[in-house]
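Position chain B against the provided structure of chain A, taking the given hints into account.
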Amino acid sequence: MSCRAPPGALSSEVVDEPQLLLQAQQGDLDSFNRLVLAHQERAFNLAYRILGETAAASDATQQAFLSVFRSLRSYRGGSFRSWVLRIVTNACYDELRRRKRRPAISLEELGDGEAEGETDAWERLAVDPQAGPEDAVLQRERVRAIESCLEGLPLDFRTVAILSDVQGLPYEEIANVIRAPVGTVKSRLARARARMRDCLEGHGELFGPERRLTDRALP
Amino acid sequence: MSRMPAIPARDLEALSAYIDGRLSPSEAVALEQRLGREAGLRRELEGMRLTVRALKSLPSHRVPRSFALKPERIAKPAPARWYPVLQLGTAVAGIAFVLVVGADVLGASQSGLATRSVVAEAPVAQPEAGAAASLFAEAGTATPAGTAPPAADMLTAQATAPAPLESELPMGELKVSATATPSPTEVAENLRVGSSETIPLRTWPRAAEIALGLLTVTLAAVTLRLRRRALP
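Residue numbers (the numbering used here), protein chains in the order written: chain A, 1 to 219; chain B, 1001 to 1232.
The following block holds chain A by itself, in its conformation from the complex:
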């Protein structure tokens, strides 16, 4: 069962967010759940891109929203979206640490989860309905290549690349999410992009007329 977030939810533009926050801080669960609905798609996508599988991303997102609810009283203003994304990021890091602590178990879980998550992801991919079968296959292969390269990045680089280039957050908000200076964000982002470019070079045939990412004939 899939739940489509309302249009525009990814941009998390909640009209009366401060009011909902105030009511949620006073224990109003309905107000809190309206905030959840507004932010859940972005939160889940961040978790999915960090963890690489649907089930783990769902668990981390749910755990993160529970933590947000429990910590609402300690929320002292600022961007609510950044705060939520920070908690989601931390939940994902916890999950990755847990996997590292129990490699024997987590490898099995990871294998099953990845296979399941991958199938699930391919079913969910928003392929252009106007595209022909060949284009649709090519589009899926491109997405697979980009996701594979993204997953190959070191965790710090991956998080910044996701927040910046996949989710479109500005440097300052990314710095707020990962609790690092803006200079660190710039540096990590540049390195992440350079590594991504190197990795995508190996899939140059997938990228159509711009197939070579580098070493192309330039004017």
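Quick caveat, the hints were computed from the structure, so don't treat them as lab data. A hint or two may mislead.
Cut-off 20 Å, straight-line C-alpha distance, at most; resulting in silico cross-link-like pairs (EDC-like, lysine to aspartate or glutamate) [stated by the list, open to error]: (1) Lys1056/B <-> Glu147/A; (2) Lys1056/B <-> Glu151/A; (3) Lys100/A <-> Asp156/A; (4) Lys1056/B <-> Asp16/A.
Just chain B now, kept in the frame of chain A:
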């Protein structure tokens, strides 16, 4: 894997910030001038732009379910009925532990003071004892081993007999009266006795400390576990 020579990290950062429009006007102009001259830098910029475009093209995934919280998920289950008893027990055990440790430390410090006062007298007493011994030797009254003179007998008896207030002395205290004015021989004998026959450390405070410490930790752990279980 990369076929291109690596460019300096600061150039990478500049190109990345340039793509995002995060360079200052002067920095942007300087970079554009370099881009006009350096083909390698242009290639880097183009590759990075395509990479950013590729990342931006990743589709957004639909959420598999709603993450809205249900009331039962956030409701706190009632804690166990005996939770307050455990809390009280932990507090009492903790306080008792602190009191016993405090009393033990206080007793040990008093004992230490008494010991230091005796040791402080020793350097004064030892030369006198040595002088007394030399007087015996000069008078030719060397005492055979095992036959102590009457005075020495008395001193030995005095030193080994239990002091009237011994039971009131703190743990580990020497059997030497710090206030008496001993003769040189008496001081020497007392030091000998004191150094070799120190009353053994009382063990009951240690045992009580360990028992109370363990009890406190155990109760605290059980209480904490119950509290965590009570959280949603």
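Practice task
List, from low to high, the hint numbers that the structure doesn't satisfy.
Solution key: 4
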